[in-house]
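Given the coordinates of chain A, assemble chains B, C, D, E and F onto it according to the supplied hints.
Protein chains: 6
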Amino acid sequence: MADTILVINPNSTETVTRAMDAACEPLRMAGGPAIECVSLQEGPPGIETQFHVDSVVTPLARIVSERQHDCGAFVIACFSDPGIHSLRELARKPVLGIAECSILTALTIGEKFGVIAILQQSIARHARYIAALGVRDRLAGELPVGLGVTELVDAGKTYERMVETGKKLRDDHGADVVVMGCAGMAHYRKPLQAALGIPVVEPTQAAVAMAIGRVRLGWHLL
Amino acid sequence: MADTILVINPNSTETVTRAMDAACEPLRMAGGPAIECVSLQEGPPGIETQFHVDSVVTPLARIVSERQHDCGAFVIACFSDPGIHSLRELARKPVLGIAECSILTALTIGEKFGVIAILQQSIARHARYIAALGVRDRLAGELPVGLGVTELVDAGKTYERMVETGKKLRDDHGADVVVMGCAGMAHYRKPLQAALGIPVVEPTQAAVAMAIGRVRLGWHLL
Amino acid sequence: MADTILVINPNSTETVTRAMDAACEPLRMAGGPAIECVSLQEGPPGIETQFHVDSVVTPLARIVSERQHDCGAFVIACFSDPGIHSLRELARKPVLGIAECSILTALTIGEKFGVIAILQQSIARHARYIAALGVRDRLAGELPVGLGVTELVDAGKTYERMVETGKKLRDDHGADVVVMGCAGMAHYRKPLQAALGIPVVEPTQAAVAMAIGRVRLGWHLL
Amino acid sequence: MADTILVINPNSTETVTRAMDAACEPLRMAGGPAIECVSLQEGPPGIETQFHVDSVVTPLARIVSERQHDCGAFVIACFSDPGIHSLRELARKPVLGIAECSILTALTIGEKFGVIAILQQSIARHARYIAALGVRDRLAGELPVGLGVTELVDAGKTYERMVETGKKLRDDHGADVVVMGCAGMAHYRKPLQAALGIPVVEPTQAAVAMAIGRVRLGWHLL
Amino acid sequence: MADTILVINPNSTETVTRAMDAACEPLRMAGGPAIECVSLQEGPPGIETQFHVDSVVTPLARIVSERQHDCGAFVIACFSDPGIHSLRELARKPVLGIAECSILTALTIGEKFGVIAILQQSIARHARYIAALGVRDRLAGELPVGLGVTELVDAGKTYERMVETGKKLRDDHGADVVVMGCAGMAHYRKPLQAALGIPVVEPTQAAVAMAIGRVRLGWHLL
Amino acid sequence: MADTILVINPNSTETVTRAMDAACEPLRMAGGPAIECVSLQEGPPGIETQFHVDSVVTPLARIVSERQHDCGAFVIACFSDPGIHSLRELARKPVLGIAECSILTALTIGEKFGVIAILQQSIARHARYIAALGVRDRLAGELPVGLGVTELVDAGKTYERMVETGKKLRDDHGADVVVMGCAGMAHYRKPLQAALGIPVVEPTQAAVAMAIGRVRLGWHLL
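Residue numbers (our numbering), protein chains in the order written: chain A, 8 to 229; chain B, 8 to 229; chain C, 8 to 229; chain D, 8 to 229; chain E, 8 to 229; chain F, 8 to 229.
Calculated from the structure, these hints are not laboratory results. Hints are not guaranteed to be accurate.
As the list makes no split between identical chains, a pair holds if one copy fits it or if it spans any two.
[To be verified] Here are the simulated DSBU-like cross-link-like pairs (lysine-lysine), alpha carbons at most 30 angstroms apart as the crow flies:
id: 1; residue 1: Lys174; residue 2: Lys197
id: 2; residue 1: Lys164; residue 2: Lys175
id: 3; residue 1: Lys197; residue 2: Lys164
id: 4; residue 1: Lys174; residue 2: Lys164
id: 5; residue 1: Lys197; residue 2: Lys175
All of these numbers come straight from a predicted model, not from anything done at the bench.
Next comes chain A alone, as it looks inside the complex (with noise of 0.2 angstroms):
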């Protein structure tokens, strides 16, 4: 259908983009638009790095490209929100990433958002991405779960992790409203929001539901 949102997860990992496609399904309606979650694989395994970010936007305006003729919108599902502006000039629907989505609802609902962010070495990517933004007086600060490579994939420590890191942003940064800054992992965002006890933000939820009015809206049809 020509209204479908398209959920692009930049990464190559197939159990990220499934992950993704669960998470949009309190977001699928009767008569709403479809959404439809698909891989890059072009793309690295996860995003990791600026240059990471920088060359899939090639692939990612391709993609875009090929689906404009039956698509609404799309997501970009990564939390460096690669390509964004590219993919703006180049689409004639909306565009919308999940760390700008996920901030700009953040500040609907604390006045101090905090980032969780899975790597240290993100941190200054998503601080140059937040003052473009124009909104870094509303961050009280972004901290990285501090694990190895080798250590993400134990799910548990990682979850663990991030309740840490979410009450030192909420104890020690004033943080009354936690932004969860990677994708694929909305299985966490109750349980974090509950350890917690101040709401929990999960990105691609928050891109794909901005995404839906868009749709719906046909604000693009300039």
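Coordinates of chains B, C, D, E and F only, in the frame set by chain A:
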């Protein structure tokens, strides 16, 4: 249904509420939340001053309290977002303001947003709100249509001035997206956008669109 | 006398109003404006929520209207500056808030101001106000004394916690001037300042001090 | 008397000092602080450059040292607030600058303040100061009267240009309060305000008004 | 030599690269680093869109990798600083962008910098970058020369428009220093500066100048 | 030679000047500008207060005037950049400050810069300067080494504390580049950088490096 989105027009002018209701039509989906628009009987005919803004908070709080059991989210449909923070304290459901939601939505569309105000006297009030929102750096400017109250009843003249004001925001202030700083004028969105050649955001639609996602995701259930 | 400064305590607790009255004593001069302190009978015992803030605006407006003929200026004596912008619209005389005046005064004393809040839940509300005021870059931080309502009646304990909180603002947040984020506690200002070794600003005194100049200069007579 | 407010004109032009003295008249109250205005003999005829600003710090420091025993506060009466931070280091009494006090006062009156500068070349200097003060987001703009030195002696022409400049700040830059960016012109305040229809702040009066409270409260006695 | 500064023009237009090379001449010193200018063969004829910016990152990364052994620093010579953060991740040598270096240099020359853009469509992209750089408060404004692609080949007309645009930045936006927002036009710098009467910064020269120090100091050798 | 860079140490301590001179050695190139370092005889032994900063402006102005004929640029080598704006008014040659140049250089190296101050009392002064510079959003924090004057003569202890302070800036404040907030300690840069594992910018070197380009390009010849 418990997931109804209640759109509250904080003024008592029923024609405005009807216009809002019509504007929500594209956002009604078979399997999606019901969208109900009501006027605030105790409200003034229009919200024109800070005192109007402050004085509707108590009756708004009453409605929100009364309708919590059967509503999934509340949208306060006045560009001054009256009582938004009070209502968030009181409600166990999400409360969204049309000013914040339209501005945040505009941030995903252009680099600098302009706001078309109806009254000159609202601009300082909006400026305080935009500053508190923390997005002042993205504001291109806000300009009034500059019509007296008697002239505002002339729809043709009002629209004409909205176009002129929008062009000034675009050409002199660098706006590449325009937010309509008023409720109940959604029917002007499309022609205004065509006349300006840059995207135009209608605030009630922007807020209801965001509310749909919030209702579906149930994030407020802490 | 027409140049009386009317200090309105927006809560109904008479002992707080009496404490304010005593705090104004050094500002009473033979040839200067009279300073009168009144409680808001319709107010809650304390302003603790955003809804409290919003709900006192209407009764405040009534007092300001009634007393315009014989007052030269109004001071709203609650650290949330309730209704300040509504009252400025209505009054033909200057209206000052104790939060804004104490913060602006602190800017002439130190480089970074810290705020001691009574309640944790007030901090987000104050943060919005400080952002709207446009002086967020000078804020070192705001911290609550962190006592429950029952403990706050213990004056000794409250003072002790104010000292601890002030030291934390000074040592961990870099504050070199502290603003007391509450009204009616002027008697703690001097010992608190001595304990912290950095200047402490008491907000009601700061606002009344500014009001004296405004009354004498008659700048409001546009 | 030990609570005299010493207003120091950092230039040597006695007529300016006399004008300041007259401007302080409404702030002299029976039972209030004495207000004494002096010229800086070592100062240039006018403070027109950054070098002028820097070069008066040493003689200002000497006066402040000499008069600490019998003064309760010092006001530095030049819109560049020369030496303000040096003098605060040296003095055991409050030191206020007329630029900071007038700008902070304007923040309690309007949403966006405009500044009328005498010389174009002062604007960058003031911009650095306003940035350091941390209130740049509230600045509507600063514009010079744009007269050559020989024309500035023509009082009628100077006033006329102040009106024109003020109107430009109001209409093109959105100022709703204007600060006179110069000392010794208090006699223009009232007609200028009438001509502009928005409040006008005179800086020496604003600073002396704030000094009165500081003297009375004795907050500097750490 | 291992301390060569490699200036990479990310477009494939050799005449632009030659112009850059000539612009570097004053920075070549007998005992200083060699300065070599190369075109990106894979690049488009000109960098005109965000997609152009993103699409040159991969080939830029390849050049930087290949030339690390014999280069002491890299300058990316396009005013959008394409790939700057990716390249910094990859390189063991300093990587400088001409936009950042020219803007930072301008901050040491004037209070408010204006930018002359070639294309209107680049301004939003530059705005995001300036915001990320954290120096938006020093920006007077950015304006395009406003010529179509066919007119831009007319050097005389282009220069004429740069002068007009610079004057507008100076007179209407308050710029006291102007940055040329394009590469390969260093020959216009001197006459442009003379025509405007305020300093003009040429970005490739600014960046290469900073690179010399970085090479000589060897700070990158962590 | 007319293109000599004159580095002026605004204090009178010759050993500091000698240390600066040694630090400039890598920046001396055959065919490049001569670099000469001088002490300010009239300066205090160290610049420790705002009054020290202000009081050296007049003698600095004298040196700059006297040496304009044979110098191509001036570097003011104190981390408070004393007199920088006065000297720019007076000089027909570029004048650079080591604080601004090191901070701007740090912006090209990391996302958040930390500053190691020698004295606690300098931090508010530096904060004002960084705010005026317009780059406060990039500041991670500034911390003092926290040694008394007598302890500062112990080089080993001072270095040890610089390492501790740098680690605190890195770990608790998120700095990914550190600026040495003092002059004459360039010999610590390399070991400090090794100890911290993040880049360290030495301010005199940063400023002299930028001065070389300025001299070679002759941009100041308006």
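The hints, checked one at a time:
no.: 1; hint: Lys174 - Lys197; in the structure: within (15 angstroms within a copy, 36 angstroms between copies)
no.: 2; hint: Lys164 - Lys175; in the structure: both (17 angstroms within a copy, 27 angstroms between copies)
no.: 3; hint: Lys197 - Lys164; in the structure: within (17 angstroms within a copy, 38 angstroms between copies)
no.: 4; hint: Lys174 - Lys164; in the structure: both (15 angstroms within a copy, 27 angstroms between copies)
no.: 5; hint: Lys197 - Lys175; in the structure: within (18 angstroms within a copy, 34 angstroms between copies)
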